[in-house]
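Numbered per the numbering used here, the sequence shown spans residues 1 to 221.
Hints are not guaranteed to be accurate.
[Stated by the list, open to error] Computed beta-carbon distance windows for the label pairs: (1) Arg181 <-> Arg139: 24 to 30 angstroms; (2) Asp198 <-> Arg175: 20 to 26 angstroms; (3) Phe27 <-> Ser138: 19 to 25 angstroms.
[Unchecked claim] Think about it this way: if two alpha-carbon atoms lie no more than 30 angstroms apart in a straight line, the pair counts; the simulated DSS-like pairs of lysine-lysine are: (4) Lys185 <-> Lys213; (5) Lys174 <-> Lys213; (6) Lys174 <-> Lys185.
Hint data in this document are derived by calculation from the structure and do not stem from the laboratory. By construction, the Cβ of each residue, glycine as well, lies at the ideal position given by its N, Cα and C atoms.
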Amino acid sequence: MPKGSSSNLPAIVLPHGGPEARTVKGFDPLVQFLAAQGYAVLQMNFRGSLGYGAPFAAAGVGQWGGVIHNDITDGARRVCIVGRSFGGYAALLRAARESQWYACAASFAGVSDLLAMSQYTERLQEAELWRQRLGESSRALWQMSSMARVRAVETPVLLIHGRHEPVVPFSQSKRFARALRIAGKSYRFVERTDCDHDMTIQNYRLAFFTELKRFLATSVE
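Make the full structure from the sequences, and use the hints.
Here is the structure:
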(Lines of atoms letter the chains of each structure in order from A; the text may use other names.)
(Lines give C-alpha, C1' and ligand atoms only; values in the text may rest on other atoms or scores of the structure.)
Protein backbone atom coordinates (compact mmCIF):
# COMPACT_ATOMS: atom_id res chain seq x y z
CA MET A 1 0.00 0.00 0.00
CA PRO A 2 1.21 3.55 -0.70
CA LYS A 3 2.35 5.54 2.32
CA GLY A 4 -0.56 7.49 3.79
CA SER A 5 -2.95 5.71 1.44
CA SER A 6 -6.71 6.16 1.26
CA SER A 7 -9.36 3.45 1.02
CA ASN A 8 -10.15 4.08 -2.65
CA LEU A 9 -6.99 3.32 -4.61
CA PRO A 10 -6.37 1.96 -8.09
CA ALA A 11 -4.90 -1.52 -7.74
CA ILE A 12 -2.39 -3.76 -9.45
CA VAL A 13 -2.80 -7.55 -9.37
CA LEU A 14 0.74 -8.97 -9.49
CA PRO A 15 0.92 -12.78 -9.88
CA HIS A 16 4.42 -14.21 -9.45
CA GLY A 17 6.40 -16.10 -12.08
CA GLY A 18 7.20 -19.78 -12.17
CA PRO A 19 4.51 -20.75 -11.50
CA GLU A 20 6.54 -23.05 -9.19
CA ALA A 21 7.65 -20.13 -7.04
CA ARG A 22 6.34 -18.16 -4.08
CA THR A 23 5.64 -14.57 -3.06
CA VAL A 24 7.31 -13.83 0.28
CA LYS A 25 7.66 -10.79 2.52
CA GLY A 26 10.68 -8.76 1.55
CA PHE A 27 11.87 -5.99 -0.72
CA ASP A 28 10.58 -6.12 -4.29
CA PRO A 29 11.60 -3.15 -6.47
CA LEU A 30 8.54 -3.49 -8.72
CA VAL A 31 6.12 -3.52 -5.78
CA GLN A 32 7.81 -0.48 -4.21
CA PHE A 33 7.80 1.34 -7.54
CA LEU A 34 4.08 0.74 -8.03
CA ALA A 35 3.26 1.78 -4.45
CA ALA A 36 5.28 4.97 -4.93
CA GLN A 37 3.07 5.77 -7.93
CA GLY A 38 -0.04 5.51 -5.73
CA TYR A 39 -1.21 1.97 -6.53
CA ALA A 40 -2.26 -0.70 -4.07
CA VAL A 41 -0.52 -3.97 -5.00
CA LEU A 42 -2.16 -7.37 -4.52
CA GLN A 43 0.09 -10.45 -4.60
CA MET A 44 -1.16 -13.97 -4.05
CA ASN A 45 0.24 -17.49 -3.77
CA PHE A 46 -2.14 -19.36 -6.05
CA ARG A 47 -2.42 -23.13 -6.32
CA GLY A 48 0.85 -24.50 -7.64
CA SER A 49 2.96 -22.11 -5.56
CA LEU A 50 5.73 -23.47 -3.36
CA GLY A 51 5.90 -23.32 0.44
CA TYR A 52 2.47 -24.73 1.31
CA GLY A 53 3.17 -28.43 1.05
CA ALA A 54 3.32 -30.92 -1.80
CA PRO A 55 -0.47 -31.24 -2.37
CA PHE A 56 -0.84 -27.47 -2.80
CA ALA A 57 2.10 -27.33 -5.21
CA ALA A 58 0.78 -30.34 -7.15
CA ALA A 59 -2.62 -28.66 -7.50
CA GLY A 60 -1.11 -26.40 -10.14
CA VAL A 61 0.34 -29.16 -12.34
CA GLY A 62 -1.25 -28.99 -15.78
CA GLN A 63 -3.40 -26.05 -14.64
CA TRP A 64 -1.66 -23.10 -16.26
CA GLY A 65 -4.94 -21.96 -17.78
CA GLY A 66 -7.19 -23.62 -15.19
CA VAL A 67 -7.63 -23.42 -11.41
CA ILE A 68 -4.56 -21.21 -10.95
CA HIS A 69 -6.47 -18.39 -12.62
CA ASN A 70 -9.46 -18.83 -10.35
CA ASP A 71 -7.12 -17.85 -7.51
CA ILE A 72 -5.84 -14.77 -9.37
CA THR A 73 -9.09 -13.24 -10.64
CA ASP A 74 -10.41 -10.08 -9.02
CA GLY A 75 -12.74 -7.37 -10.32
CA ALA A 76 -12.99 -3.59 -10.78
CA ARG A 77 -12.28 -1.10 -13.53
CA ARG A 78 -9.49 0.47 -11.48
CA VAL A 79 -7.54 -2.78 -11.41
CA CYS A 80 -4.70 -3.63 -13.78
CA ILE A 81 -2.96 -7.00 -13.92
CA VAL A 82 0.83 -7.01 -14.34
CA GLY A 83 3.23 -9.93 -14.48
CA ARG A 84 6.58 -11.33 -15.58
CA SER A 85 7.15 -14.75 -17.15
CA PHE A 86 4.25 -16.93 -15.90
CA GLY A 87 2.82 -13.78 -14.35
CA GLY A 88 2.90 -12.22 -17.82
CA TYR A 89 1.13 -15.26 -19.22
CA ALA A 90 -1.51 -14.88 -16.51
CA ALA A 91 -1.95 -11.18 -17.28
CA LEU A 92 -2.46 -11.80 -21.00
CA LEU A 93 -4.87 -14.69 -20.45
CA ARG A 94 -6.93 -12.63 -18.03
CA ALA A 95 -7.06 -9.84 -20.62
CA ALA A 96 -8.38 -12.35 -23.14
CA ARG A 97 -10.80 -14.16 -20.85
CA GLU A 98 -12.02 -11.41 -18.52
CA SER A 99 -11.30 -8.02 -20.07
CA GLN A 100 -14.38 -6.60 -18.38
CA TRP A 101 -12.72 -7.03 -14.99
CA TYR A 102 -9.43 -5.30 -15.75
CA ALA A 103 -8.59 -1.79 -16.85
CA CYS A 104 -5.37 -2.99 -18.49
CA ALA A 105 -2.82 -5.81 -18.65
CA ALA A 106 0.98 -5.63 -18.80
CA SER A 107 3.29 -8.53 -19.62
CA PHE A 108 7.06 -8.64 -19.20
CA ALA A 109 8.59 -11.63 -21.02
CA GLY A 110 5.25 -13.42 -20.85
CA VAL A 111 3.97 -16.49 -22.71
CA SER A 112 1.10 -15.96 -25.15
CA ASP A 113 1.09 -19.33 -26.96
CA LEU A 114 1.48 -22.45 -24.80
CA LEU A 115 1.49 -24.75 -27.82
CA ALA A 116 4.46 -22.93 -29.37
CA MET A 117 6.13 -22.81 -25.95
CA SER A 118 5.77 -26.57 -25.53
CA GLN A 119 7.35 -27.14 -28.94
CA TYR A 120 10.22 -24.81 -28.02
CA THR A 121 10.87 -26.54 -24.70
CA GLU A 122 11.18 -29.95 -26.38
CA ARG A 123 14.68 -28.83 -27.36
CA LEU A 124 15.67 -28.04 -23.79
CA GLN A 125 17.26 -30.30 -21.18
CA GLU A 126 14.28 -29.79 -18.89
CA ALA A 127 11.77 -30.87 -21.56
CA GLU A 128 10.18 -33.47 -19.26
CA LEU A 129 9.64 -30.87 -16.54
CA TRP A 130 7.89 -28.62 -19.04
CA ARG A 131 5.67 -31.50 -20.17
CA GLN A 132 4.63 -32.00 -16.55
CA ARG A 133 3.97 -28.29 -16.15
CA LEU A 134 1.96 -27.82 -19.31
CA GLY A 135 0.49 -31.20 -20.16
CA GLU A 136 0.71 -32.81 -23.59
CA SER A 137 -2.67 -32.11 -25.19
CA SER A 138 -2.12 -29.75 -28.12
CA ARG A 139 -5.78 -28.75 -28.11
CA ALA A 140 -5.75 -27.94 -24.39
CA LEU A 141 -2.52 -25.96 -24.69
CA TRP A 142 -3.97 -23.86 -27.48
CA GLN A 143 -7.22 -23.25 -25.60
CA MET A 144 -5.22 -22.09 -22.55
CA SER A 145 -3.35 -19.53 -24.67
CA SER A 146 -4.19 -15.85 -24.98
CA MET A 147 -3.17 -16.13 -28.64
CA ALA A 148 -6.25 -18.29 -29.23
CA ARG A 149 -8.49 -15.60 -27.72
CA VAL A 150 -6.89 -12.43 -29.05
CA ARG A 151 -10.15 -11.17 -30.58
CA ALA A 152 -11.72 -11.24 -27.11
CA VAL A 153 -9.17 -8.79 -25.69
CA GLU A 154 -11.00 -5.53 -24.92
CA THR A 155 -8.51 -3.87 -22.58
CA PRO A 156 -5.21 -2.08 -23.35
CA VAL A 157 -2.15 -4.36 -23.35
CA LEU A 158 1.52 -3.55 -22.74
CA LEU A 159 4.09 -6.07 -23.98
CA ILE A 160 7.77 -5.73 -23.03
CA HIS A 161 10.22 -8.40 -24.15
CA GLY A 162 13.95 -8.71 -24.63
CA ARG A 163 15.06 -9.72 -28.10
CA HIS A 164 17.61 -12.08 -26.52
CA GLU A 165 15.41 -13.23 -23.61
CA PRO A 166 16.94 -16.52 -22.33
CA VAL A 167 13.82 -18.27 -20.97
CA VAL A 168 10.70 -17.19 -22.87
CA PRO A 169 11.34 -16.69 -26.61
CA PHE A 170 11.00 -13.15 -27.95
CA SER A 171 8.56 -14.50 -30.54
CA GLN A 172 5.96 -15.04 -27.80
CA SER A 173 5.41 -11.29 -27.50
CA LYS A 174 6.24 -10.38 -31.10
CA ARG A 175 3.61 -12.72 -32.54
CA PHE A 176 1.01 -11.66 -29.98
CA ALA A 177 1.64 -7.99 -30.77
CA ARG A 178 1.10 -8.75 -34.45
CA ALA A 179 -2.14 -10.59 -33.64
CA LEU A 180 -3.35 -7.65 -31.55
CA ARG A 181 -2.56 -5.26 -34.40
CA ILE A 182 -4.42 -7.37 -36.96
CA ALA A 183 -7.41 -7.62 -34.61
CA GLY A 184 -7.44 -3.84 -34.15
CA LYS A 185 -6.74 -3.94 -30.41
CA SER A 186 -5.14 -1.30 -28.20
CA TYR A 187 -1.58 -2.30 -27.32
CA ARG A 188 2.03 -1.15 -27.00
CA PHE A 189 4.95 -3.46 -27.79
CA VAL A 190 8.42 -2.56 -26.50
CA GLU A 191 11.48 -4.47 -27.69
CA ARG A 192 14.72 -4.37 -25.70
CA THR A 193 18.21 -5.67 -26.41
CA ASP A 194 19.68 -5.19 -22.90
CA CYS A 195 17.63 -7.90 -21.25
CA ASP A 196 17.64 -10.70 -18.74
CA HIS A 197 14.73 -12.76 -17.47
CA ASP A 198 14.89 -11.59 -13.85
CA MET A 199 15.29 -7.85 -14.51
CA THR A 200 18.67 -7.70 -12.75
CA ILE A 201 20.11 -5.33 -15.38
CA GLN A 202 19.44 -1.82 -14.10
CA ASN A 203 18.84 -0.13 -17.45
CA TYR A 204 16.35 -2.83 -18.42
CA ARG A 205 14.54 -2.58 -15.10
CA LEU A 206 14.32 1.21 -15.27
CA ALA A 207 13.06 1.09 -18.86
CA PHE A 208 10.35 -1.37 -17.80
CA PHE A 209 9.32 0.82 -14.86
CA THR A 210 9.17 3.91 -17.09
CA GLU A 211 7.03 2.21 -19.72
CA LEU A 212 4.77 0.70 -17.06
CA LYS A 213 4.29 4.05 -15.30
CA ARG A 214 3.24 5.72 -18.56
CA PHE A 215 0.95 2.84 -19.49
CA LEU A 216 -0.83 2.72 -16.12
CA ALA A 217 -1.30 6.49 -16.06
CA THR A 218 -3.27 6.36 -19.31
CA SER A 219 -5.15 3.10 -18.66
CA VAL A 220 -6.33 3.02 -15.04
CA GLU A 221 -9.26 5.23 -14.10
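Status of each hint after checking the structure:
1. Arg181 <-> Arg139: 24 to 30 angstroms: Holds - the Cβ-Cβ distance for Arg181 and Arg139, about 26 angstroms, lies within 24 to 30 angstroms.
2. Asp198 <-> Arg175: 20 to 26 angstroms: Given range 20 to 26 angstroms: holds, Cβ gap about 23 angstroms.
3. Phe27 <-> Ser138: 19 to 25 angstroms: 41 angstroms Cβ-Cβ, so the 19 to 25 angstroms window is violated.
4. Lys185 <-> Lys213: OK: Lys185 and Lys213 at ~20 angstroms, within 30 angstroms.
5. Lys174 <-> Lys213: holds, 21 angstroms
6. Lys174 <-> Lys185: holds, 15 angstroms
When the structure is compared with the earlier hints, a violation turns up for hint 3 alone.
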